[in-house]
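Using the working numbering, you'd call the opening residue of the sequence shown number 84 and step up by one each time.
Careful, some of the hints might be misleading.
[Stated by the list, open to error] In silico BS3-like links for lysine-lysine, alpha-carbon gap of 30 Å or less:
id, residue 1, residue 2
1, K147, K259
2, K259, K196
3, K147, K194
4, K259, K160
5, K204, K194
6, K204, K156
7, K259, K204
8, K160, K194
9, K259, K156
10, K160, K147
11, K156, K194
12, K259, K194
It should be emphasised that the hints constitute simulated quantities derived from the structure, not laboratory data.
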Amino acid sequence: MKKGIAPLFIVLAIFLIGGVGLLSTKVLKKTDVQNQKQSENGISGAESVNIFKDQTDLCVSINKDTVGSLLGKTIIKTESLTDSTLQSCQYYLDETHAMVLNHDYSGIASKIKGHEFLGRKITSNDNIQMRNYVVIQENGLINEIYLVFSDTEFISVNRPNGQLIFDEEIINFAIKLADFFQNGEPDVVKETNNTVPLPQEEAVIINFFS
């Protein structure tokens, strides 16, 4: 009887070791698939560290000049708010109306479910070159856009009160912001109007017409 027990223990041990190995392989494969999907849909949270180098103030990481350049509007001031899972910055277009960006470390799935519970439509925009969700209000206007680094890190773009920014402008801003996250530099368009000629250029012009 005892001779039969020993081989039985050996068989059980082999089975358990094999089962653990199989489970580990499945977990690794699942993680690899998730990482591949995340890479295909957008940049990773690790790559976002360079942009969000100041972990205490989003208004420093993405300053008002950058937002103003991407949006094509003047930002007169900013206000920041930070807690354990959220960095928020309000970018004021005037004294009372602000567009809000949130750098959020909570779950994106719960945010989307919350909007769906409120009866809002969830879609995405193919022109935004990273994983994204566009939330449409009951009145057909954009409520919020999520630019997703991972399931637990994302940026949300909240429209300001009033009609200071149209939906097309919000979409264009999100497209440029996603590009900024990947390339690190905003596409600044330098103004060329009202250029004052240099003294030597002015002299040439005067001589030409004299």
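Cross-check of the supplied hints:
no.	hint	verdict
1	K147 / K259	holds, 15 Å
2	K259 / K196	holds, 26 Å
3	K147 / K194	holds, 26 Å
4	K259 / K160	holds, 21 Å
5	K204 / K194	holds, 13 Å
6	K204 / K156	holds, 28 Å
7	K259 / K204	holds, 23 Å
8	K160 / K194	holds, 28 Å
9	K259 / K156	holds, 14 Å
10	K160 / K147	holds, 7 Å
11	K156 / K194	holds, 28 Å
12	K259 / K194	holds, 23 Å
Consistency note: the structure conflicts with none of the earlier hints.
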